[in-house]
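Peer 1: Residue numbers (our numbering), protein chains in the order written: chain A, 1 to 663; chain B, 1 to 146; chain C, 1 to 321.
Where hints are given, some of them may not hold.
Quick list of in silico lysine-lysine cross-link-like pairs, BS3-like style, CA-CA up to 25 Å [what the hints assert, rightly or not]:
| hint | chain 1 | residue 1 | chain 2 | residue 2 |
| --- | --- | --- | --- | --- |
| 1 | B | Lys-137 | A | Lys-662 |
| 2 | C | Lys-156 | A | Lys-221 |
| 3 | A | Lys-171 | A | Lys-208 |
Estimated spans, in silico, between C-beta atoms of each pair [stated by the list, open to error]:
| hint | chain 1 | residue 1 | chain 2 | residue 2 | range |
| --- | --- | --- | --- | --- | --- |
| 4 | A | Arg-80 | C | Glu-199 | 50 to 60 Å |
| 5 | A | Ser-513 | C | Asp-225 | 47 to 57 Å |
| 6 | A | Ser-45 | C | Asp-225 | 44 to 54 Å |
| 7 | A | Thr-508 | C | Glu-164 | 31 to 41 Å |
| 8 | C | Arg-206 | B | Lys-137 | 19 to 29 Å |
| 9 | B | Gly-134 | C | Pro-268 | 33 to 43 Å |
| 10 | B | Gly-134 | C | Lys-198 | 17 to 27 Å |
| 11 | B | Ser-31 | C | Gly-309 | 25 to 35 Å |
| 12 | A | Gly-612 | C | Glu-192 | 31 to 41 Å |
| 13 | C | Thr-119 | A | Glu-607 | 52 to 62 Å |
| 14 | A | Thr-516 | C | Lys-198 | 17 to 27 Å |
| 15 | A | Ala-525 | C | Gly-309 | 45 to 55 Å |
| 16 | B | Gly-134 | A | Leu-132 | 56 to 66 Å |
Only some residues are given here: those of chain A computed to face chain C with a beta carbon under 8 Å [to be verified]:
| hint | residue |
| --- | --- |
| 17 | Leu-591 |
| 18 | Asn-594 |
| 19 | Arg-619 |
| 20 | Val-623 |
| 21 | Pro-639 |
| 22 | Gly-641 |
In case anyone wonders, no lab produced these hints; they're calculated from the structure.
Beta carbons are placed, not taken as given, at the ideal position from N, Cα and C, and that holds for glycine.
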Amino acid sequence: MQRIGVFVCWCGSNISATVDVEKVSAVLALEPNVVISQNYQYMCSENGQALIRNSIKEHNLTGVVVCSCSPRMHEATFRRACESAGLNPYMLEVANIREQVSWIHKDIEEATEKAIILGRTAIAKLRLNTPLTAGESPVIKRALVIGGGIAGIQSALDIAEAGYEVDIVEKSPTIGGNMAKLDKTFPTLDCAACILTPKMVDCAQNEKIDILTFSEIESVKGFVGNFKVGIRKKARFVNEKLCTGCGVCTQKCPSKRGLNDFNMNLNTRPAIYIPFAQAIPNVAIIDPEQCLKLKNGKCGLCAMQCPTKAIDYTQQDEIVEREYGAIVVATGYKPISLENFNEYGYSTYKDVVTSLEFERIMNAAGPTSGHLERPSDHKQPKVITFIQCVGSRDTSGCGKPYCSKICCMYTAKHAMLVREKYPDTQVNIFYIDVRTPGKNYDEFYRRAVEQYGVNYIKGMVGKVYKEGDNLVVQGSDLINNEQLLIKSDMVVLAAAIEPDPSVRKIATLLTTSIDTNNFLTEAHAKLKPVESPTAGIFLSGVCQGPKDIPETVSQASACAAKVIGLLAKDKLKCNASTAGADEMLCTGCSLCENVCPYGAITYIDKEFRLGGGRTEVRRVASVNPAVCQGCGACTVTCPSGAMDLKGFSTKQIMAEVDAICKN
Amino acid sequence: MQELNKEHKPLIVAFCCNWCSYAGADLAGSSRLSYPANVKIIRVPCSCRVNPTFILKAFQKGADGVILCGCHPGDCHYTSGNYYARRRMTLLFSMLDYLGIERERTRVEWVSAAEGAKFSKVMNEFAKTICELGENKRLEDLRCKD
Amino acid sequence: MQRLEVAFLEKAKELLSSGQVNRVLAYKKGEFCYDVSPAVFYSVEELENAVYNGFCGANLSKYLIQESKKEGKVAVFLKPCDTYSFNQLIKEHRVNRENVYVVGIECQGKFSIEKFYKTGVGFVASVQEDLDSVLVNGETKIDRNAVKLERCLVCKKQHVVYDELLVINEKKDGDLDRFEMVKKLEAMTADERFAFWKEQLSKCIRCNACRNVCPACTCTKCVFDNDDSQISSKANADSFEEKLFHIIRAFHVAGRCTDCGECSRVCPQNIPLHLLNRKYISDINEFYGEFEAGKDIAQKGPLTNYTTGDIEPNDFKGGNK
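With these hints in hand, go ahead and build the complete structure from the sequences.
Peer 2: This is how it looks when you write it as structure tokens:
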């Protein structure tokens, strides 16, 4: 038998001016199970809480109903009061007689009557309450960072710095990501390699960080604090532990026709190669498409030459399984494919290049050793025309509707670098708008215009075509309202960026959400920008939205701070209001699993006694309380009524319906 | 009939999700935006917790109108709960309509935590509609009424 | 048509005697030619009582929930419509597929004995079947369509799951529109619709036959028998008070009902219960795209799925006012 105490709050005059609180407490005192009913001026005050605490002890209460303001306001306060008096905090119900009664009704009789009904409804629900305990789950003190670009590197370094172990899983043979390919960085024009490679080395040398390159996420199980992740280490045909990165093999390899993807396919590389000089790990890898030994069994030169016997043609993919408390997604971006933009002639003319290709051409470690020359005839271009917003801010469906954010700045950078090194080169830039919000960004752009004499043209380009040896850019100048035909030796396209395509599979594995542009969704656009809606999954860098390097690094550190905050906890408190299936009713039909947004429901084959010594194995739903967030979607999908939600059970809600409709 | 309707005080049950609509009702309250006292709110974690049986039971017990309020599509605290609720309610309401039960007696509204004014407006309008419809006779169940 | 029954018996015997299965789920004859019922046969001798004819309307798929859990393999003869139900049960993990050997058997539409009586033939002692007609008591020839169950007149189903097919003559699809009556009801006024359903559902005696025969109603314990669900109820005081049961039952099978029509076939009060299920099917098709439960089990069910642009509950067109 429940022993219920009712506490009616005046809220000063907020409630008592329109609700006859004396009458409410007197009428509710007559309800079955109610052993004490009182009213007080400020129930949330220390004195009011003391009244509740003392009554619980004095009257041996098993449940408390507070008629007061909204539960969204003081439910937590009153729960604590109950708990400190030794009552389970979930044996409390709040009847909202302020926001739902006194503040919106003027007639005292009407308001009092409604307050009584809401009080009765709360009592009716409370009669069916059961003590709930929020479960606890331990936290595995290790983080996984998916992606080894600058975002992943920064997050990993910060997490390791705080003393936690981190694994970086990178799908390509080296960490470094897109930033490693860049020449200089805006707005300071310091060289990308000079600021990135030391961080890469830090990662390699930090004993808390384990780098798994040429590896991909294969499976993810578990939940916040307890993820189990399967990682596929793809075969690189070189033993990473033995290889010293001496590079002898790459010189001896007779097959040199593979395209060098680090140089944006602008030149070739041997079948066995090290992606670039500062690669981490500095270990060779064999491209099986190009290797003569792997293709037809004839060759084996590299194995013969290798001083440490690191070459292993029989190496297979390997799956390693590791456990993590938190996962950081830092999968980054790639430039979009330009197949929908034939008007710019990218696939037709060799001298139409993308900005990232231009970075490699300008880079001292690139295919031209930093000498500006155009791909077709290696001549130094005299006129270069840049086209911005190729596929960005495009609502035609060919490109992306969003602004890629980085192109205005890097195009200004490219223009400046060209004019600096080759002052006799004419540089034109077609733009829609120049967007330079950022510290020292607009100053940077103005320098390009004012100091370096870059010719900015506001307008769109209609097409790029060839005339003799040269390209002609046909575009409009909106300010002077004229059509332009600009003869150019080279055209550089600022292609839009999009999330790396690998992110779709990863988002599915992590059961986290993704928007229509394949960017990962944050838990709250303003207040939780680095957390995904799935607990324990964090977002770092461009996978969440376009960003430049300073922003990416800030976000990566913010992300690390959230991860550290999680890993610092020994145990996580779970949501107490969780779903659960009555195994005697469950038929194992899987409908509930299909609607659970959190993947909290699994099925187990359980043996049941049928009587007479016989048993039966049945498939029944099993809810992981650490993952369940208590939405209740499963309860309605379940035809048998086996699935119910603690704290909002079918019986409790039906009792509320009954109590409201009775009057 | 008209006169009878005036005397009849219809009963309206409003299921509100905890994160958006219940907060919207709170905002209506703190903004002193009134709506009829015969609207009684039941708090549920999410609109997807509302089982068609709750709604039918309310009608059986004598409710004259039932309204379900949840977060706007796309804003669900649990990411997808209101999408499931939307399909369930569409099918349920269509079935009630098919049985010849006045479709105006049931309603779904998406009310955010910032839409106190909308909450009050929706409840006023719904209460007016129900008043005009009069007492629910087609779904009541004498067994369930005390 | 008698050739089909002979082939059926041969196949059943072959499956049993070869040891491929240790029992056969099919139909056995009753006292009269029309009271055929589902039965499990364990031996070739028992198969003497097995039949397959126009009165074998019962959907055998639901029996497989229990049968497939038993020791050894069971063979079953499933009509096209039965295979949809069986497939849906596979999707919901209710049957153990490995333990079932499915023979998809030809069906040219099953009979309603009431329709025989309506033709005025009187007592039906024997029926000889042909593809388009039947010969009653050896003398009266009747068009086959005139005695077919309503569900067979609209049936366009083909076997969707089987291990082998036993088909001599190709199936002729029913050419009527299964949603015709649903549309007719939708075109009525709300008052007319209410009057129609009040009359129909008031006949309900809550015998639960519809629920017990339904292959989608497979709960261990029905919510209507469970006090905790708060909807199990006392005997009704007013004749229309069983409506909640029918609305909820239809809702529970919405998106899962294969429109096998068993509920209406077994209803002793002849309530057209399939019209509730078909309303849901027609709404689902209209609102969320064509969906046929049991046809493709890889497809997500309409109530466990959504799109961000789904129709709003206040906005559907609905029937007349």
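Peer 1: Now look at each hint and say whether the structure bears it out.
Peer 2: Against the structure, the hints come out as follows:
For the hint linking B:Lys-137 to A:Lys-662, the alpha-carbon distance of about 16 Å falls within 25 Å, and the restraint holds. A C-alpha spacing of about 43 Å is found between C:Lys-156 and A:Lys-221, which places the hinted pair above 25 Å, so the restraint is violated. Taken as a hint, the A:Lys-171 and A:Lys-208 pair is honoured in the structure, with Cα atoms around 20 Å apart against an allowance of 25 Å. A hinted range of 50 to 60 Å for the beta carbons of A:Arg-80 and C:Glu-199 is consistent with their spacing of about 58 Å.
For the hinted restraint 47 to 57 Å between A:Ser-513 and C:Asp-225, the CB-CB distance of approximately 40 Å leaves it violated. Distance hint check for A:Ser-45 and C:Asp-225: the Cβ-Cβ separation is about 50 Å, which falls inside the suggested range of 44 to 54 Å. Range check, A:Thr-508 to C:Glu-164: about 38 Å between beta-carbon atoms, so the 31 to 41 Å window is met. For C:Arg-206 paired with B:Lys-137, a C-beta distance near 22 Å keeps the hint of 19 to 29 Å intact.
For B:Gly-134 paired with C:Pro-268, a C-beta distance near 36 Å keeps the hint of 33 to 43 Å intact. Between B:Gly-134 and C:Lys-198 the C-beta distance comes to about 18 Å, which sits within the given range of 17 to 27 Å. Between B:Ser-31 and C:Gly-309, the C-beta spacing of about 32 Å keeps the proposed range 25 to 35 Å intact. Here the CB-CB span from A:Gly-612 to C:Glu-192 is close to 55 Å, at odds with the stated 31 to 41 Å.
C:Thr-119 and A:Glu-607 have their C-beta atoms about 55 Å apart, which keeps the hinted 52 to 62 Å range intact. Under the hint 17 to 27 Å, the C-beta atoms of A:Thr-516 and C:Lys-198, about 48 Å apart, miss the expected range. A hinted range of 45 to 55 Å is violated for the C-beta pair A:Ala-525 and C:Gly-309, which are about 21 Å apart. Between B:Gly-134 and A:Leu-132 the C-beta distance comes to about 42 Å, which lies outside the given range of 56 to 66 Å.
Because the beta carbon of A:Leu-591 sits about 6 Å from the nearest beta carbon in chain C, less than 8 Å, this interface hint is met. Hint on A:Asn-594 holds. Least Cβ distance to chain C is approximately 4 Å, under the 8 Å limit. With 8 Å as the threshold, the beta carbon of A:Arg-619 comes within range of chain C, its nearest partner Cβ sitting at about 6 Å, so the hint holds. Interface hint at A:Val-623: violated, since its Cβ lies 17 Å from the closest Cβ of chain C, which is beyond the 8 Å cut-off.
The beta carbon of A:Pro-639 comes within 4 Å of a beta carbon in chain C, closer than 8 Å, and the hint placing it at the interface holds. Nearest Cβ of chain C to the Cβ of A:Gly-641: about 4 Å, under the 8 Å cut. The hint holds.
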